[in-house]
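Student: Spelled out from the first residue to the last, the chains are:
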Amino acid sequence: MRGLIPWCMIVSLLPAACGGLPPLREAAYPIDCRPGLSAQELLKRGDAHRDVMLSGTPPANTVPEQWTPIRKIHAARARTCYQLVLDAKQDHAYALMNSGFTHLVESTYPESTPEARDLALVSATNFLQKAFDAEPLDAQSYYYLGEIAARRGQCDKALRIFQALVTSGWSYSHVYAWTGYCQELAGRSNDAKTSYQKAVTLSNPIGIAEWARSRVAP
Amino acid sequence: MAIAGLLLCGCASVPMPPPTTPFPPRTEVPVESYHFRAAVMDFTDQTGRAGDLVKTIPDILTTALFKLNRIDLYQREPLRGAPPQEAKTLVQNLMDKRVIDGVITGTITQLSGLEKQVVLELRLISRNQAVMYAEDHTLSFGGRRVMEIDRKDVFAVAQSVTAAVPPAKEIRIANRVGGRVTLERGADAGLIAGMTGYVQAALEKIADPVTGEAPKPAYVIVGEIVIDQVTHDSAIGRIIAGDDIRARDLVRLK
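Quick mapping for you: the protein sequence lines, in order, are chains A and B.
Numbers given in my numbering equal positions in the first sequence, counted from 1, plus 3.
Numbers given in my numbering equal positions in the second sequence, counted from 1, plus 219.
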């Protein structure tokens with residue numbers, strides 16, 4: 004019986020719950036980047052917004068349904084900060100890479116439509132390609148181009164990139180995690196397991212190493 | 220058909236790894252000199268008869284060290300004739316600002332007018348107060364009204380001091396705990412306490428995806444350390460500049 008009671012009646016003490024969610028107030032997430040700030044400060048603030056948008060855990064006082072919109076606001080704020088850096092120096096590799104990265108993260112939001120994901124990944128590619136051009140042969144920008152390829156289902160291309168990174172000595176857990184993902188997708192379970200285990204062994208960055216551990220755990 | 224489609228795109232069966240935050244760029248610190256840089260202070264006179272030798276020997280020594288091109292030198296002018304306490308404060312400020320890595324001090328302990336010789340106790344003290352060199356030297360002098368020191372003797376002193384700062388190889392940082400780092404090599408690689416070195420981080424590059432050409436090594440200077448303790452195969456250094464020093468970075472000793 005209890006299961007039949009509409010959710011909105013249970014939480015009817017919250018006036019907004021039945022009549023749709025309360026509108027998001029962007030003012031609560033002010034644009035804290037403005038012209039005149041140093042590039043260092045702009046990047047710091049951009050990174051802070053980026054880290055919030057990347058976080059999978061909403062703050063305690065957040066309505067769960069509004070978490071993704073809030074993350075999108077932070078994504079926009081982060082991009083504003085990076086753009087101000089790019090206004091002063093259009094080939095700033097770190098600002099370009101992070102602008103691309105915010106689009107990449109947006110493509111992972113569960114509420115995103117396939118079209119929105121594709122669009123986000125195209126934008127991410129544009130920025131990351133510019134970052135790679137600005138800092139030629141930079142391993143990290145190249146890695147993200149590989150990750151985007153994998154996310155778009157182009158695993159052959161992605162695996163070529165990851166292999167080039169490993170050959171050049173850029174050995175981090177995320178390279179192996181994504182290599183494992185592509186191998187698993189291709190049905191190469193044993194190779195995938197080896198890659199995941201390598202990601203776990205490297206444990207850098209730790210977050211993705213934990214994810215890889217969950218893939219090899221019995 | 221639907222199952223085949225699912226297997227082809229694979230999207231239903233294999234979860235994607237989560238995004239990983241980009242590593243921040245390495246933070247650079249300014250470089251003062253790639254050579255060990257020392258200031259030569261006026262010497263002290265325990266005999267009471269050395270006169271201007273306390274200033275002229277350091278002047279000649281500075282020139283001799285400069286010619287040997289191993290130790291970089293801080294200009295003598297601000298130190299020449301400065302009262303001892305003032306000179307000491309200036310040297311400490313220079314060390315705090317990482318302008319110099321060490322200081323050369325000397326004391327004239329004996330002067331024989333008959334044998335026309337002075338005995339000089341010379342020391343090279345590093346930034347962390349390690350004594351990198353300490354030795355007595357006997358210098359000859361000539362002249363009747365003014366003592367003129369033998370430049371060859373001073374040059375020999377300069378050679379000895381230079382040998383106390385041997386060139387060392389680049390050494391990798393094994394690990395970092397707080398403000399200290401452990402190096403992978405020690406006395407076996409020519410390290411001695413008091414040496415200083417810049418920490419360089421390699422920029423992570425890939426081989427050219429088109430040509431396959433290996434990348435040229437590129438570095439940024441991310442900090443500076445001074446060697447506090449040395450064993451035969453490892454050393455401990457103290458970070459004196461830079462917050463972004465990590466394991467696997469390379470120390471380029473001065």
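These aren't lab readings, by the way, just hints derived from the structure by calculation.
Among the clues, some could well be false.
[As the list claims (entries may be wrong)] Derived lysine-lysine pairs resembling DSS-like cross-links, with alpha carbons at most 27 Å apart:
hint	chain 1	residue 1	chain 2	residue 2
1	B	K388	B	K435
2	A	K92	B	K274
3	B	K274	B	K371
4	A	K92	A	K160
5	A	K160	B	K274
[What the hints assert, rightly or not] Looking from chain B toward chain A, a few residues come up when the C-beta cut is under 8 Å (computed):
hint	residue
6	E423
7	P434
8	P436
9	V439
Each residue gets a CB set at the ideal place from its N, CA and C atoms; glycine is no exception.
Student: Please flag the earlier hints that this structure goes against, numbers listed from lowest up.
Tutor: 2, 4, 5, 8 and 9
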